[in-house]
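Please arrange chain B on chain A, whose structure you already have, making use of the hints.
Protein chains: 2
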Amino acid sequence: MLAKLIIMKYDANQLKITEVQKSKIEEINFDNLVFGEIFTDHMFTCDYEDGTWKNPEIKPYGSIELDPSTKVFHYGQAVFEGMKAYKDDKDQIWLFRPQQNFERINKSGARLAMPEFPKEYFFKGLEELLKLDKEWIKKGFGNSLYIRPFVIATEECVSASPSTKYKFMIICSPAQAYYSGEVRVQFSEKYSRAANGGVGAAKAAGNYAAQFYPTNLAQEAGFQQIIWTDANTHEFLEEAGTMNIFFRIGDKLVTAPTSDRILDGVTRKSVIDLAKDMNIEVEIRRVKVAEIVDAARSGELKEIFGSGTATVINPIVGFGYKNEKFELPKLEDSYGKAFKDTLMKIQYNQAEDKYGWRYQVK
Amino acid sequence: MLAKLIIMKYDANQLKITEVQKSKIEEINFDNLVFGEIFTDHMFTCDYEDGTWKNPEIKPYGSIELDPSTKVFHYGQAVFEGMKAYKDDKDQIWLFRPQQNFERINKSGARLAMPEFPKEYFFKGLEELLKLDKEWIKKGFGNSLYIRPFVIATEECVSASPSTKYKFMIICSPAQAYYSGEVRVQFSEKYSRAANGGVGAAKAAGNYAAQFYPTNLAQEAGFQQIIWTDANTHEFLEEAGTMNIFFRIGDKLVTAPTSDRILDGVTRKSVIDLAKDMNIEVEIRRVKVAEIVDAARSGELKEIFGSGTATVINPIVGFGYKNEKFELPKLEDSYGKAFKDTLMKIQYNQAEDKYGWRYQVK
Chain A
0 MLAKLIIMKY DANQLKITEV QKSKIEEINF DNLVFGEIFT DHMFTCDYED
50 GTWKNPEIKP YGSIELDPST KVFHYGQAVF EGMKAYKDDK DQIWLFRPQQ
100 NFERINKSGA RLAMPEFPKE YFFKGLEELL KLDKEWIKKG FGNSLYIRPF
150 VIATEECVSA SPSTKYKFMI ICSPAQAYYS GEVRVQFSEK YSRAANGGVG
200 AAKAAGNYAA QFYPTNLAQE AGFQQIIWTD ANTHEFLEEA GTMNIFFRIG
250 DKLVTAPTSD RILDGVTRKS VIDLAKDMNI EVEIRRVKVA EIVDAARSGE
300 LKEIFGSGTA TVINPIVGFG YKNEKFELPK LEDSYGKAFK DTLMKIQYNQ
350 AEDKYGWRYQ VK
Chain B
0 MLAKLIIMKY DANQLKITEV QKSKIEEINF DNLVFGEIFT DHMFTCDYED
50 GTWKNPEIKP YGSIELDPST KVFHYGQAVF EGMKAYKDDK DQIWLFRPQQ
100 NFERINKSGA RLAMPEFPKE YFFKGLEELL KLDKEWIKKG FGNSLYIRPF
150 VIATEECVSA SPSTKYKFMI ICSPAQAYYS GEVRVQFSEK YSRAANGGVG
200 AAKAAGNYAA QFYPTNLAQE AGFQQIIWTD ANTHEFLEEA GTMNIFFRIG
250 DKLVTAPTSD RILDGVTRKS VIDLAKDMNI EVEIRRVKVA EIVDAARSGE
300 LKEIFGSGTA TVINPIVGFG YKNEKFELPK LEDSYGKAFK DTLMKIQYNQ
350 AEDKYGWRYQ VK
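Sequence lines, in order, name chains A and B. Terminal number for the first sequence in numbering that gives the first Met the number 0: 361, no gaps in between. Terminal number for the second sequence in numbering that gives the first Met the number 0: 361, no gaps in between.
So here's chain A without its partners, still in its complex pose:
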């Protein structure tokens, strides 16, 4: 009886859908998209109030009205996810391991004292939204629809305590193959992204703002991104803020273990699985800065690449540490390229999916 009551509480059929009168898709130049600036016709919203999620709704994309005292503005109680939808040659729509994103947004939320979002609403809202905006998902290898689920604290009160009200939303932005130019990274020596016992493992909004200033400094020094080191000693390489990081030393891959400081990336764990199947040895262990610098000097360091939803695999062509700059060799047999290829073929339904990672929206 209890089980039934719980199911009834979050009945996906409660979803209310209001369509736009006229799509704005004709106004969009899909050959010239800047990442994250254009959004589709509709959005999904759902409110938490009086201890429950209510009013799941898909409606025309548009502004929300908030009181200036709304808690998200003052206390940063906000978490998000990044996902992508892909269209294959038969106009079928695919997601990549969406269950992982669903679980992670609730894990992030729990660390920020936010209520769990129901699975029924997450998947129903997401899938109906994608079906409604399916024309926005363009075919072609590299094209996708970037999906941004997020939750913000909406109680109107400036006392520093967890909000009693929240808004869960999903917005979608069409994206082309992401090429960010040649990426060189700086190993952080002074600034940090996360503390032991902090919120680094959560996709918490505040983690990102904290990286902007040090990243500006790195960019002034000629790098595009930072690889964060542990806050305590700055001797161990952790992650890049929007990507997990892999190092190839000889023919072996090395990446840091996840922890309460490091995000448990969906692409990261997929790469680790693929590597095993490709008979590539992967060591998941703390990675010393000194080890990577030594390997770069000796020529043993073959590749560094980042993994993340936005770029899938992002090759890194060089790095800087303590006023020294290192360039990486150009490889014929790049692991990064092989992983990217394999992952994208799975994502676009062009290859067998023996892992069951693909999820069809229909």
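Don't read these hints as lab results, they were simulated from the structure. A hint or two may mislead.
Claimed, not checked - Cut-off 20 Å, straight-line C-alpha distance, at most; resulting in silico cross-link-like pairs (EDC-like, lysine to aspartate or glutamate):
(1) 164(B) with 64(A)
(2) 189(A) with 259(B)
(3) 164(A) with 66(B)
(4) 23(A) with 155(B)
(5) 58(B) with 66(A)
(6) 58(A) with 64(B)
(7) 164(A) with 36(B)
(8) 123(A) with 102(A)
If you're wondering where the values come from, they're calculated on a predicted model, not measured in any experiment.
Then chain B, alone, in the frame of chain A:
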């Protein structure tokens, strides 16, 4: 010539003021205020766009409209301040060291890659707002108007980079003498507030959300707040998240030095100045958990109190550490009480202000 141009750029006379047609003050029960829920008739807003702050404006308090892609929702790029206005028996309005808050909001903003807010707009906006809403500042020791300046990133784009647009606002909430009941604190053993090289010294929105979940756990264990320890060893006591912390061992006060993890509190530095004048020895140094536990056991630990804008001085009656609970003695000659008394008399224009801390709004 350059100086003149700079002054012209941020000319306080540009402030536009639109008054409410009818004040809502009659609807408010000033004898029963919950902290941070009621706001005055007006608010100050100012926008950053195209590399400059523009449109400083005081207008009726009300909602703002934001696109769901607005960066503050996703990346937590937001900072704030807490200040109070006091009214003396002659209806004169006073602030306490407002220059400190002005400097600190810009220091916080710089750490989050946000543009500096001009002093001309800060003080003009704040003072005109207080004059317009002066009826909301009630006389009487303990009554005040809590002032919340804050800045949020307003660019409409979900790429993880510093916003190109911001909104600076000041909102005000009438407050009574703050009594939070008996406060017992837990010394943190696992969770952390800030990392070396992180944003702990900034009043960054995300720092607060990060504390909610551990604070919930502490509350379930019978404590009201947490005293955060260093993320590295958890051996040193740092601050309480909304308060700096002082320990009285024998007749000596001890407090942690500010750092990139610890907020440079205005009340904290005022207490340190007052202590010197009262011939109370203050040691500003790292404070070991073990030292405080030992002092509590031996009876040498006389007092713990927090300092912050909201409560001025908040006495702490007990603490917990590793399943042990300690109660503090009730003192006749409490330092905390003496500081609170002295500070409030200065704030309410009831005592000489030899430090020049009071600032009249006229």
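| query | Hints broken by the structure, by number, lowest first? | reply | none
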